[in-house]
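S.K.: Sequences and hints are given; from them, build the entire structure.
Protein sequence lines correspond, in order, to chains P and R. The first sequence begins at 1 in our numbering and counts up by one. The second sequence begins at 280 in our numbering and counts up by one.
It is worth saying that the hints were derived from the structure and are not from the lab. Misleading hints may appear alongside valid ones.
Unchecked claim - Counterexamples of contact, computed for chain P against chain R with all Cβ distances above 10 Å:
no.	residue
1	A55
2	Q128
3	L141
4	K147
5	D148
6	N182
7	V250
8	A269
9	L271
10	Y277
Stated by the list, open to error - Okay, derived cross-link-like pairs now, DSSO-like style, lysine-lysine, Cα gap no bigger than 27 Å in a straight line:
no.	chain 1	residue 1	chain 2	residue 2
11	P	K147	P	K131
12	R	K397	R	K410
13	R	K411	R	K390
14	R	K410	P	K273
15	R	K410	P	K178
16	R	K434	R	K390
17	R	K535	P	K194
18	P	K194	R	K484
19	R	K310	P	K194
20	P	K273	P	K194
21	R	K434	R	K397
22	P	K65	P	K178
23	R	K535	R	K484
24	P	K194	R	K434
25	P	K178	P	K194
26	R	K411	P	K178
27	R	K310	R	K397
28	R	K484	P	K178
29	R	K411	R	K397
30	R	K411	R	K484
31	P	K273	R	K434
32	R	K410	R	K390
33	R	K411	P	K194
34	R	K310	R	K535
35	R	K410	R	K310
C-beta atoms are modelled at their ideal positions from N, C-alpha and C, and glycine is treated no differently.
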Amino acid sequence: MISSLRLRAAIVSVALLAGFLLLWHLGTQGTAPTANLDPEYARLMGATAVEGKSAFPGPAEVLGKFWWHLSHAFYDNGPNDKGLGIQLIFSLARVLGGFGLAVAVALPLGFLIGMSPLMHRALDPFFQVLKPISPLAWMPLALYTIKDSATSAIFVIFICSLWPMLLNTAFGVAAVRKEWLNVARTLEVGPFRKAFRVILPAAAPTILTGMRISIGIAWLVIVAAEMLVGGTGIGYFVWNEWNNLSITNVINAILVIGLVGMVLDLILARLVKLVTYPE
Amino acid sequence: MTGHPFISIEDLAKVYGDTPVFEHLHFAIDKGEFVCLIGHSGCGKTTILNALAGLEEASEGAILMGGREISGPSLDRAVIFQSHALMPWMTVLDNVGFAVKSRWPDWSGAKRRAHALKFIDLVGLAGAADKKPAQLSGGMRQRVGIARALSIEPKMLLMDEPFSALDALTRGTLQDEVLRICHETEQTVFMITHDVDEAILLADKIILMTNGPHAVIAEIVVNTMPRNRSRTDLHRHPHYYRIRNHLIEFLVDRSKQFDRANADFDPRHPRLTTPGLDGPESDVTASSPLRNNHGAA
Ligand SMILES: Nc1ncnc2c1ncn2[C@@H]1O[C@H](COP(=O)(O)OP(=O)(O)OP(=O)(O)O)[C@@H](O)[C@H]1O
Ligand SMILES: [Mg+2]
Numbered sequence: 001m002i003s004s005l006r007l008r009a010a011i012v013s014v015a016l017l018a019g020f021l022l023l024w025h026l027g028t029q030g031t032a033p034t035a036n037l038d039p040e041y042a043r044l045m046g047a048t049a050v051e052g053k054s055a056f057p058g059p060a061e062v063l064g065k066f067w068w069h070l071s072h073a074f075y076d077n078g079p080n081d082k083g084l085g086i087q088l089i090f091s092l093a094r095v096l097g098g099f100g101l102a103v104a105v106a107l108p109l110g111f112l113i114g115m116s117p118l119m120h121r122a123l124d125p126f127f128q129v130l131k132p133i134s135p136l137a138w139m140p141l142a143l144y145t146i147k148d149s150a151t152s153a154i155f156v157i158f159i160c161s162l163w164p165m166l167l168n169t170a171f172g173v174a175a176v177r178k179e180w181l182n183v184a185r186t187l188e189v190g191p192f193r194k195a196f197r198v199i200l201p202a203a204a205p206t207i208l209t210g211m212r213i214s215i216g217i218a219w220l221v222i223v224a225a226e227m228l229v230g231g232t233g234i235g236y237f238v239w240n241e242w243n244n245l246s247i248t249n250v251i252n253a254i255l256v257i258g259l260v261g262m263v264l265d266l267i268l269a270r271l272v273k274l275v276t277y278p279e
Numbered sequence: 280m281t282g283h284p285f286i287s288i289e290d291l292a293k294v295y296g297d298t299p300v301f302e303h304l305h306f307a308i309d310k311g312e313f314v315c316l317i318g319h320s321g322c323g324k325t326t327i328l329n330a331l332a333g334l335e336e337a338s339e340g341a342i343l344m345g346g347r348e349i350s351g352p353s354l355d356r357a358v359i360f361q362s363h364a365l366m367p368w369m370t371v372l373d374n375v376g377f378a379v380k381s382r383w384p385d386w387s388g389a390k391r392r393a394h395a396l397k398f399i400d401l402v403g404l405a406g407a408a409d410k411k412p413a414q415l416s417g418g419m420r421q422r423v424g425i426a427r428a429l430s431i432e433p434k435m436l437l438m439d440e441p442f443s444a445l446d447a448l449t450r451g452t453l454q455d456e457v458l459r460i461c462h463e464t465e466q467t468v469f470m471i472t473h474d475v476d477e478a479i480l481l482a483d484k485i486i487l488m489t490n491g492p493h494a495v496i497a498e499i500v501v502n503t504m505p506r507n508r509s510r511t512d513l514h515r516h517p518h519y520y521r522i523r524n525h526l527i528e529f530l531v532d533r534s535k536q537f538d539r540a541n542a543d544f545d546p547r548h549p550r551l552t553t554p555g556l557d558g559p560e561s562d563v564t565a566s567s568p569l570r571n572n573h574g575a576a
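M.R.: Structure below.
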């Protein structure tokens, strides 16, 4: 039953995709060429008017370009003309850098807050104020203090991935079952062994779920951040292609952003599953 | 060390808010003795056990072990928790091995493993060492908890209703095993139970607590049945029904309306009774070693 449900779902997915591509194709077919046009005006209007061609690329065009991007992912012709692969690597490096920094801060701090009700109460008002701030609002401040656009983008990623991880870590650590802690106490387990052998594995599913949320937000934010700071990265690529009026490339980049985000989420989901224990 | 009972509880009380849950508790446990505590829900049994384990502090009084006051948990006193409290992310072997490593941190991995396996074998789980707790039945999990507690070779075993979550059949088998292991190793045990038969089977002494709040020890019943008793022939012994009736009568009637103003009641020297010998009238307080202990303290 389950496999047949899966099969039927896959068939519906493919059918929906096919329908969407067909509509897209028909929608971008355009009208017949306009006859008797003043040649001066026709030149101004370009292909849209002369050949009746739509300005919005059709699926065949986009997929053809996508194939081209796949086979030319890593070319580098100077600052404004790099392969999608290179841009992705820039973006991923920033995301992983900021995310890694956030892990380094959120884990110890989350442990502290989770274990100490005093620190939890003392720091809570700060979190309440800092959490709702859009990470991009920090950008000017980061640019001003750090004076380096690439590092500022990493900082913005750090800020936006910090909160979910921090709060989940604190919550996971605080929610570790009292009986496990009591076992550790009656066995006179030292603080480090208790942290690594009892609290960390007990809270790991919650902590990693926080990381999964964080990496999702980080991937959302990096595109916007790179549009602001410019230079490199997939976000800058989108902005640059918009300025070049290459809608085909913009659509390609959107597709790639979605696929990479999905892969990142799948990796974290797999990790969460790995540390989840059945009770 | 001589002159001190193994464990001695002196004037213990626990207060939540204004009302004491229990107060003026005095009793002693000798080395190798199996003591059960019976009382209605809420009279503070778990609180007493936690105080003995060092997990919780009493509001008043002290617990002495070998003449020294207990402060905080110790590897000398192993706890078997009611809800087994196994770490679900560790295998059976790792759960027991974790305790063994806590006790002997300098042992080699192979030695720890061998020691842990010995105790897993002792509770009859040799084939399940590499399973996770989630893959085990309730009875098997409780066995792992017992193996973990025994593996650190504690001076004393504390059990909080260890079998209450199990079905009758499994409970019976585990009671037999615990009885055998504790007698073999001359383990000192303090156990909480709701089950009168369990107490008669396992305990040398049964402490009866009145209802809370203001719970006190009403009396201590000495189990006069031979120590080599077993679950199957328990009920054939003439003492059995006398002790059983005495305990049930206490739980049904006297635990509610215990008269503390009674001139006989002295919380420092709870009455020792031997209902098994001759019905409820026999009273051996005068000749009790327990009394002497308290007299000396
Ligand atoms: N943290 C607490 N704050 C206030 N009251 C508490 C607290 N912990 C326990 N109590 C009270 O102390 C009393 C004794 O609790 P305890 O768990 O020791 O009872 P018990 O005899 O073990 O009961 P049971 O047989 O149901 O396990 C209960 O009435 C309970 O309400
Ligand atoms: Mg209890």
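S.K.: Now, for every hint given, state plainly whether the structure supports it.
M.R.: Status of the hints after comparison with the structure:
1. Non-interface call for A55/P relative to chain R: holds, since the shortest CB-CB distance, roughly 57 Å, exceeds 10 Å.
2. Against chain R, the non-interface label of Q128/P holds: every CB pair exceeds 10 Å, the least being about 32 Å.
3. Non-interface status of L141/P relative to chain R is upheld: no Cβ of that chain comes within 10 Å, the nearest being about 42 Å off.
4. No beta-carbon of chain R is positioned within 10 Å of the beta-carbon of K147/P; the least distance is around 46 Å.
5. No Cβ of chain R approaches the Cβ of D148/P within 10 Å, the least distance being about 42 Å, so the stated non-interface status holds.
6. At the 10 Å boundary, the C-beta of N182/P falls inside the reach of chain R, the nearest C-beta of that chain being 6 Å off.
7. The beta carbon of V250/P is kept farther than 10 Å from every beta carbon of chain R, the shortest such distance being approximately 46 Å.
8. Here A269/P stays apart from chain R, with its beta-carbon at least about 19 Å from theirs, past the 10 Å limit.
9. Separation of L271/P from chain R is adequate, the least Cβ-Cβ distance of about 14 Å exceeding the 10 Å criterion.
10. Here Y277/P does not stay apart from chain R, with its beta-carbon only about 4 Å from theirs, under the 10 Å limit.
11. Our distance criterion of 27 Å between C-alpha atoms is met by K147/P and K131/P, whose separation comes to about 24 Å.
12. For the hint linking K397/R to K410/R, the alpha-carbon distance of about 16 Å falls within 27 Å, and the restraint holds.
13. Using a Cα cut-off of 27 Å, the hinted pair K411/R and K390/R holds, with the two alpha carbons roughly 22 Å apart.
14. Restraint check for K410/R and K273/P: the C-alpha separation of about 18 Å stays at or below 27 Å, so the hint holds.
15. For the hint linking K410/R to K178/P, the alpha-carbon distance of about 23 Å falls within 27 Å, and the restraint holds.
16. Of the supplied pair hints, the one linking K434/R and K390/R holds, its CA atoms being roughly 21 Å apart against a limit of 27 Å.
17. A C-alpha spacing of about 43 Å is found between K535/R and K194/P, which places the hinted pair above 27 Å, so the restraint is violated.
18. For the suggested pair K194/P and K484/R, the alpha carbons sit about 37 Å apart, so the restraint of at most 27 Å is broken.
19. Taking the CA atoms of K310/R and K194/P, the gap is near 32 Å; set against the 27 Å cutoff, the hint is violated.
20. Between the alpha carbons of K273/P and K194/P the distance comes to roughly 23 Å, so the proposed pair stays at or under 27 Å and holds.
21. Proximity of K434/R to K397/R is assessed by CA-CA distance (about 18 Å); at most 27 Å being required, the pair is judged to hold.
22. With a C-alpha separation of about 58 Å, the suggested pairing of K65/P with K178/P is violated against the 27 Å cut-off.
23. For the hint pairing K535/R with K484/R, the CA-to-CA distance comes to about 21 Å; that is within 27 Å, so the pair holds.
24. Simply put, K194/P and K434/R have alpha-carbon atoms about 23 Å apart, close enough for the 27 Å limit, and the pair holds.
25. For the given pair, K178/P sits about 13 Å from K194/P by alpha-carbon distance, which is consistent with the 27 Å threshold.
26. For the hint linking K411/R to K178/P, the alpha-carbon distance of about 20 Å falls within 27 Å, and the restraint holds.
27. A threshold of 27 Å between alpha carbons decides the hint, and for K310/R with K397/R the separation of about 24 Å falls inside it, so the pair holds.
28. For the hint linking K484/R to K178/P, the alpha-carbon distance of about 31 Å lies beyond 27 Å, and the restraint is violated.
29. Between the alpha carbons of K411/R and K397/R the distance comes to roughly 18 Å, so the proposed pair stays at or under 27 Å and holds.
30. A distance of roughly 37 Å separates the Cα atoms of K411/R and K484/R; the hinted pair therefore is violated under the 27 Å criterion.
31. As the CA atoms of K273/P and K434/R are separated by approximately 41 Å, the hinted pair breaks the 27 Å bound.
32. A hinted pair counts as satisfied when its Cα atoms are at most 27 Å apart, and K410/R with K390/R qualifies at roughly 20 Å.
33. Distance restraint check for K411/R and K194/P: the Cα-Cα separation of roughly 20 Å lies within the 27 Å cut-off, and the hinted pair is therefore satisfied.
34. Proposed proximity of K310/R and K535/R is contradicted: the alpha carbons are some 32 Å apart, above 27 Å.
35. As the CA atoms of K410/R and K310/R are separated by approximately 35 Å, the hinted pair breaks the 27 Å bound.
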